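Trainee: Below are the chains, spelled out letter by letter.
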Amino acid sequence: MKKLLAFVLAAAMVFTLTACGGGSTPTTEAPKTTTTAAAPGTTASGQTTAATPETTAPPAPAANEVTDWVHYLTQVNEMETFNILYSQANKELQVLTNCIDGLLSNDNYGNLVPGLAEKWETTDGGKTWTFHLRDGVKWVDVKGTEKADVTAEDFLWGLEWVLNFHKNEAANTSMPIEMIQGAGDYYNYTKELDEAAGKALGIDKLKEMVGIEAKDAKTLVYTCVDKLPYFDTLTTYNCLYPAAPQLIKDLGVDGFKACTNENMWYCGPYVMPTFVRENEKVMTPNPLYWNKDCKRFNSVTYKMVESGAQAYQMYENGELSYVELTEDALLTIHDNINHQFYQNLVEARPTKYSYQIHLNWNKNMEKSEDPDTNWNTAVQNEAFRLALYYGLDATPYLERTNSINPLKCANYCYTMSQLVNFSSGKEYTERVMELIGITPSLDNYPRYDAAKAEQYKKQAMEELAAKGVTFPVLMDYYISGSSTTAADTAFVFGEMIKKNLGDDFVKLNTLTYVSSLANEVRKPRKASIYINGWGADYGDPQNYLGQETYGEDNAYYSISYVNTNDITEPELIEIYKEFTKMVNDAKNITDDMDKRYEAYAQAEAFMLKHALCIPWYKNVSWQLTHVNDYSKIYAPYGIQTNRFVNWETSKDGYTTADYDTFAASYEAGAGK
Amino acid sequence: MKKNKKMLAGEETPVVNDISAEGLAAVTGQSEAELFSFVEYHPEEAERIGYSEYSYWKSVWKNFLKKKSAVIMLVVFLAVFIFSFIAISPLCTKYRHYTELESNKKARFTTPNKDYWFGADNIGRDYWYQVWYATQHSVMLAAIVGVGEVVVGVIMGLLWGYVRKLDRIFTEIYNIIYSVPTIIYMTLIALMIGKTFMIMCVSLIIFNWIYTAKNIRNLVFMYRDREYNLASRCLGTKLGTILLKNILPYMISVIILRMALAIPQTIGMETTLAYLGLLDVQEPALGLLLRNSREQFANYPHILIFPAVIVSLITVTFYLAGNAFSDAADPRNHV
Amino acid sequence: MLKYTIKRLLQSLLTVFIVVTIVFLLLRLMPNDYYFTEDELIKLTDEQKEDKLRAAGLLDPTLTQLGKFYKNLLTKGDLGTSRRISNGQPVWELIGEKFGISMRLGLIALGIALLIGIPMGILQARYKNGIFDHLGTAYTIFINAVPRLVAYSLIYMLGVKLFKLPSMYSIRDPGRSSILPIVCLAVGSIASYALWMRRYMVDDLTKDYIKLARIKGVSTRGIMFKHVMRNAFVPMAQNLPVTFLLTIGGSLLVESFFAVPGMGPLLTRAITRYDTNVVQALVLLYSVMGILGMFLGDLLMSVFDPRIRLAGKGGETR
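If you read the protein sequences in the order shown, they are chains C, Y and H. FYI, our numbering numbers position 487 of the first sequence as 487, with every residue one higher than the one before it. Numbering-wise, our numbering comes out as the position in the second sequence, counting from 1, plus 672. Numbering-wise, our numbering comes out as the position in the third sequence, counting from 1, plus 1007.
Check each hint, because a few of them may be wrong.
Only pairs whose alpha carbons sit at most 20 Å apart, straight line, appear in this in silico SDA-like list of lysine to any residue [stated by the list, open to error]:
no., chain 1, residue 1, chain 2, residue 2
1, C, 199, H, 1088
2, Y, 740, H, 1135
3, C, 249, C, 226
4, Y, 777, C, 335
Hint data in this document are derived by calculation from the structure and do not stem from the laboratory. Quantities reported herein were computed from a predicted structural model and do not represent experimental measurements.
Turn these sequences into a full structure, and let the hints guide you.
Mentor: Here is the structure:
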C-alpha cells in the first residue's frame, strides 16, 4: 500500500536542490497536457490490446544527435544494491530500469506500451489478467553473451523472490500482497519457515498458493484479489519483474541478493560493464535486446558528483550532457542577457510527486507525551482549516522551488496530474479543479482569497476561543537539522504565514530533527504539519485517495502521519466517514472507467472542500540540457521514467525556444 | 655568529690569564689600594635579600608587546570582535534578533551596497547581520571549547603526570581517542544525542582535552622529580599544593598556547561538521555560512569572502598571538 | 628490545579491543529502528520489523552479539556483510575496493609534501629571517588560517577554470584527474612539514653542541646537514608513520570533493546509514592503523636517534 513514497523532507530537500528557477521566457507553455488520449487497452477493462511498437521513432542516426550521453547523480544517491527485486529506492531503480525490462512500459505520454509482453488482456473486469510474452527475449550477462530465454516462469521466480521473507526481507511486498490472490498467505507461510527452508524454496509452493500461473512458456496469468482494472499498470513496477532461475541457482540465494553489475543478468536495453562506486558507471547497449527499433545511446555514463555546483561546472566544461540548475546558477544566467547559456534555460517537466501540507489531527506536545490540545482542537475546526486553505498565497514558497515561474509549481489537487484520463481525453485533475473551482494561472495564485480567509479566521477565532484555544496557535513544523535548503524554505514559509494571516492567528514554529523524521517526529507525534510528496505506484486515483481514508489499516497517511483515527470532533469524523465511503464506492466501480474516475474526482473535491489536507506544490526545475524532455518516457507511476530509450537529443543543447516548440507539439500530439 | 666565533677563538684580544690583584694592577695601571677597600660588616645587612622590581605578569606583558605583528593582530581581532556587537546593535541594523531577519525576493544574492553592507543571501536576507551574528556565535563556541578543554586538560594532565597509578588508564584513554578519527565520535553523538550548540561544545571538549592533558603530563614528568619538589614532598606538602604552586606555573606558557590554538581549531572543526551536516542549521555559525557559500561563491563571491576573511583573521590572530604570548609567558625568557 | 616490542604489541591489542568494543556498544545504543531505511520503516509492519531484527541477530542481548562478533572475527576473520552501502557485499571486499585508490593518492601526496616541505623548512631555517623564511611563514600561516573547505574550493575553481583540469577523479584517466586531489592533499602537509622542520632546526641551532661545533670550526653547511638536520629528523620520524597510515585512510573532504572513490567518506556514510558492520570494520582498521603508526613511529625514532632507548621508558615515549 505504501509504495514508492517521496520523502519530501528527506529526499527532495536534503539531497536535491529544490530551488531552481530561471528562464527569461514567461511564454513557455505549461508542460501539463490537457488532452492525453485514453490509449486503448490501458484503461478500459475487457479490451484486448494489440501490440504496437514501443514508440514510432525508428533509430535514425541524425547527424546532430548526442551518441554518448553523460548523466550525473549526486554522491549520496549511489546505488546500494543491484538486485532490482530488492531495491525500493529511486537511486537504484533509475539505473536498473535500463538493465531489466518488465512486462509493460510507458511512452512519453504515460500510456502503457508493450514491454516483454507483446499483448495483454483481461476478460472479467480486472480479476484475471493474461500477458503474452514476445519471442526472442534473452537474458544476457554483462558482456552481452546469451544466457537463457526469458520465459513466463521467470516471472514466477521473480514473484517468489519478492514474497519470500527469507530472500527479500519483505521488500516490495506491499503491492503484490494487496493485489494478487494468495500473495499475503504465501508471504506469511515463508515467514514461518526457518531461514534454511525458506531460502531453499522453489516455485512449487508458490504455484499452489498464489494467483500466478505460467500457462506455457509464453503465457502468464495473474489472478487478483478483486476486480482491479488498473492491475496492468503495476507491471511497470519492479515488484513484478522477472528473475532468472538459473542465475539464482548459479549465485546461490545470498549471491543473488548481493548480485553485482558483473554477475547479474540483463534483459533491458543496456548492460553495465563499468561500475566504480561513488565515481562513475557506464552502460552500453545490450546487443541482444529484443527491441531492435528502439533508439539507444552508444554509451550512457553516470558521473557521481559532489554537489549541484560541481555538476554545473562540469556542464560548462562540456563534461555533462545536462544539468539541473542550482539557485545561484539559475539566477546568474537569468539576470545576464549576455550569458552564454541565457538562451538555453529550459524548464524540466514536473516530477511525479504531488506535495501536500498534511495536518496532524492528534499531535503531542513538543517536550512531553501529552496531547497538544490547543493545536488538536484548532485543527479539527473546519473554519480554522479553511482559513489556512484560502488564506495562504503560496507564491513565495513556490519561488523556492522555481524562482522564475513559481506558479508552474502550484499544486491544487491531492492526486498528481496526468495520472489518468477520462475517455474524452480530459485529464483527471482538471476535473477535480473544475469541481473545486480553481483555474490555474501563471499570474496569480487562484486559491488565495483574502476575504474568505479573513471571514474564516474570524469565525475560527470565535468558535475556538469558546473552547479555550489560545492564539496564536503554534504550528510545529520539523525540518532536517542538516539541510540549509529546508531551513531557508521554512523561513520563507513562516514569513508567508505571518504576512497572509497575521501573527495573531497561527505561528509557524520551525524545529529540527537530528536524523530520522520517523523516529524523532512521526512516531512521537511531534509535528503539527508535514509537507510531504506522494508519487503513484500504479495508475489509479485509489493509490492517492486510499492513503487518506478513515478507519482503514492500509491508509498510509491516516495511520502513519496524521492519526486520522484519533479524531475526537464528531463533525469531522462524519466528514471523514463520508469521504471514506465516497472513495470506496469509486473503488467498486470497475466496469466503467469514466464513472470510476468521476466518483474519485467527487471524493477528492469533497476532501479539499473540507480542507482535510492542503495541496501545496510540485517540482518543476530549470536545466540546461541536450535532450528533449518531451521525447522521454513520462510515467506518473512505476519505474520506467528514467529509461534512456528513444531520446531526441542535440549536440548543441536546446534553447528556450526549442522547448516552447516541443511543449506545443507535445500537447498537439496528445490526442493522437 | 661569525663574529662571536672569532672573539672566542681569541686571536686579536690580549689574553688575560692572571686575575690576581697584581695582574689586574698591571693591566689597569692602578695601585691595589686604589682598587679595593674593606667593607664594614653589619649583621642586619648580611640577612638582607637581593630584591628586584620583577613582576611576572608585567614581564609577560612587556615581552608580549615586543612582538609587533602579534600585538597588531590581537588589536585588530579585538576590534573586530567588539565591532561584531556594535554591528548587530541598533546602531547598524534594524534587526533585533536573528529570527527577525526578512527575506526579499528582489535582493537575492545582492552584492554589497548601501542597504546591504555585506550583500544578501540566497533568499535576500541581510548578510551583514548574519555574518556578525555568526562571528559572535562561533567565537563564543570556540572560547567555551578552548577554555573547557584547557581546564579539564590541565587538571587531568596534572593527575596523569603525578599519580602513577592513573598512568595506565590515562594512556589507554589517550590511545582510544587518538587512534579513532574524532569525526566518528562526533557523528555518533550528533546522530544519537543532537546537534545543538551545547552538545557540540561538550563533545568537542570531551575529545580534545586529552591532547592538552598529554602535553601537561609530559611537562609534569620533567618537573616532578626536581630537587625542590622532592624537598617539598619530604617536608609534607600536600599533593594539591605541589601541583598548584610548584608545577603549574611552569606550564602557563603551554596552557596559553593550547588555549589560543584551540580557538581556530574549533572553528575549523565547525566548518567540517557543517559540511557533514552535523551542525544544527537553526543556529548560525561561521562554519555553516562557509559551507553554504561553497556552492554559491563561483557566481556570488561575496557570500564566501566575508565569512572567510573573518575566519582567517581569527585563525591568524590566535596563531600569532598565542605563540607570542606563550613565549612571553615563559619565565626563562624574562631577563 | 624484543621483550619491549612484544609488550607494546600486547598493549596495543588491548587498546584495539577496547576501542572496537566501545564503538560496538555505542552502535547498539542507537534505537533499533535505525537499522531500517525510511522506506522500510513505512512498508514494514511492527511484526515484520521484529522478524527482520531477529533474523539479523539484533534482538539478542548485546553481550551475546558482542561475543558472536568477536567469535566470527577471530575464528573466521569475518566482519559480516554491508547492509546499506552495498547490500550483501562482504565488508572487507568493500573496503578493499577503496583502500588502493586512497593509498595511491595519499602516497603520492605524501611524497610530494615531503619533497617540497622538508627542503622548504631547511631553507627557512638556514636563512632565518630572510625573505625566503618570511615567504615560507606566510604560506604556512595562510594555509592554516583559511579553512580547508575554503582552500579546497579555491583550488578547485582555479584548477578547473584556469587550467581546465578535470573536476572529477576518473578511473579511466587517473593521471590528469588526480592532479587536483593530490594538490589539495599536499598543500596542507607541505605547510606542516616545513613548519616542523624549521622549528626543530631553529631550536637545535641554539643548542650547545652546535656552538661547540662552530667553535671547532665546522662549516655552516656541515653543521646544517651533519648535525642539525639529523636531529631535527628525529621528531619528524616519530610522526611520519602515523601520518602515512592515516593518509591511506583517505581525506574525507578531498575525496568527496573530487568524487575519488576512496576510503575518506566511507565512514561517515556508513554511520549515517547505520551500516553497523562497515562501521565496526572501519573502526577496527583505523584503530589498528593509528596504534601501529604510534608504535612504528617510536621504533623509527629510536633508529634515527640511538640515544633513545624505548625499553627503558616503558612505552612513555611520546
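Trainee: All the hints need checking, so say for each whether the structure fits it.
Mentor: Hint check:
no.	hint	verdict
1	C:199 / H:1088	holds (18 Å)
2	Y:740 / H:1135	holds (18 Å)
3	C:249 / C:226	violated (34 Å)
4	Y:777 / C:335	holds (13 Å)
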